[in-house]
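Going line by line, the protein sequences match chains A and B. Residue numbering for the first sequence follows numbering that gives the first Met the number 0, starting at 0 and increasing by one per position. Residue numbering for the second sequence follows numbering that gives the first Met the number 0, starting at 0 and increasing by one per position.
Bear in mind the hints are in silico, worked out from the structure with no lab data behind them. Be aware that a few hints might be false.
[Claimed, not checked] Here are the simulated DSS-like cross-link-like pairs (lysine-lysine), alpha carbons at most 30 angstroms apart as the crow flies:
1) A:Lys1 to B:Lys186
2) B:Lys163 to A:Lys14
3) B:Lys4 to A:Lys14
4) B:Lys16 to A:Lys13
5) B:Lys73 to B:Lys4
6) B:Lys186 to B:Lys133
7) B:Lys78 to A:Lys20
8) A:Lys11 to A:Lys1
9) A:Lys1 to A:Lys13
10) B:Lys4 to B:Lys78
[Claimed, not checked] Over 12 angstroms on every C-beta distance to chain B, these chain A residues come out as not near it, computed from the model:
11) Pro17
12) Glu32
13) Asp36
14) Ala53
15) Leu69
16) Lys115
17) Glu142
18) Lys145
19) Glu204
Beta carbons are placed, not taken as given, at the ideal position from N, Cα and C, and that holds for glycine.
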Amino acid sequence: MKNKEIIVKIQKLKKISPRSKWITLNRAFLLREIKPDISLEPVVISWKDYGQVAIRLFSPRLLEPAVVMLLILGVFLSSSLIVNAAFYSLPGDPLYRVKIALEKTQVAITPGDENKVELKIEFAKKRVEEFDKIVNQTNVSPEQKKKNINTVVEEFKRNVVAVKDHIGKIQGQAPAVEKEKTLKMAISISSQTDELAQALDEKAESLSEVEKTEIKAVMAEAVASAQEASLSAQEFLEGARSQVEAEGVVEGESVEEVDQSGNSEAIIQESADSTSTVEIQVTTGSESITDSQGDSVEALPPPNQEQDAASETTKDIIE
Amino acid sequence: MNTSKIQEKLLLSRLKKKDPEAFAQVYDLYVTPIYRFIYFKVSTHQDAEDLTSEVFLRMWHYVIETEESIQNLKALLYKTARNLVIDFYRRRATREFTMEDEALMNVEDDRQQSLLSKIETKAEMKNIELVLRKMKDEYREVIILKFIEELSISEIAKILDKSKGAVRVLLHRALKVVRDLLQENEK
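Model the full assembly from the supplied sequences, consistent with the hints where possible.
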């Protein structure tokens, strides 16, 4: 016999029911029995009661695994959509603040000053891209455009100033621990900040004359900040070089040991290559500054002198 | 969301406010299923009627007096019914009583005969009722709640104070027992 047949047989027992007469009599009896407890005032169901009923109905549902999973998924999806939308936002968009806040959070949760600097440089690059997009925008009013440019340039400045501060911090810490790493990083920062200053300068070329004069001061500040960051990186590079030299004399043996392993050779070679790029970057960077603004040029050493210093660094490292 | 569940929750909040109308509605809604549930546990209609009446009175007093929030009115009624039946058997334990004999007599009861005569499958119904009465109480409960009262597994779990898994296992075993008993009867 199948289960279904058994169930059908069992269900026939539904026909068993109490006597209808008894139902009525018992109803009256029970109502008499409860009479002493009955409230004298008429019972009114308030909105509060309906609210409580709703809570009672839905609270167990909310704790069901499927509902919890759906809620988590919904929150995750909507937040990832917002983050994604914020990622492509430009100054003036409502989500631009979210984007900046997200970047700040990303920096805050990234461990190590080196990584923070790399991130800040990344963000400064994004600002340059945004700047480019804003400059090319045609569907915004000139006032709005100016406002947006100001915002993006301010953000750029903030990023490069942060880079500079971080370099200062790294310098303050014991650089002897990871000499090669910090050295490489300083080279990279120097060249990248220079690139950024140059890029910002180039993008500004496509602005109209009126717009240029309006944002001149802000732009000048931003480019100067980028140059300062680059300078700090180069100063750090100098410091690191002299330290390497000093340690090389005292701990000649250990350097040889490292050489045998072949690792440090590769690093030095790599550093030398990077330094050569710095030379080129520095030269072009300085030129661009001379073109755009005379004031900040004073802060930089003459290009030839810089080139010589960089070449010396390379030689020393290779030696 | 089931409308009966919303209705039940509203009735509960009215009961809390000592509304006699709400009590009457609860009675009309549940008197037959509670009666049936008790009927399969006791031997006579008289006992079933007395106990059913007692269930509603106890429920009323509990709802208006308790400070705890009641999640499920249906579960509360069935639980009260279970406890009352247990008390009923404790009281009668002193008396010599064989449930099976009385159950068989009960099927021969005139009143039930008149009911049975109205349906085509009279013998079959008598047969399945006897089978249910022969079963262990926990198997019988789960069969009644699931297939006669058509409660969900989670509702049965709440009434029987068991996990859903335990209820499923119980149901599976109970069905097997019903099948075995039915085949035995056929032979």
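Could you tell me which of the numbered hints above are not met by this structure, giving the numbers in increasing order?
4, 11, 12, 13 and 14
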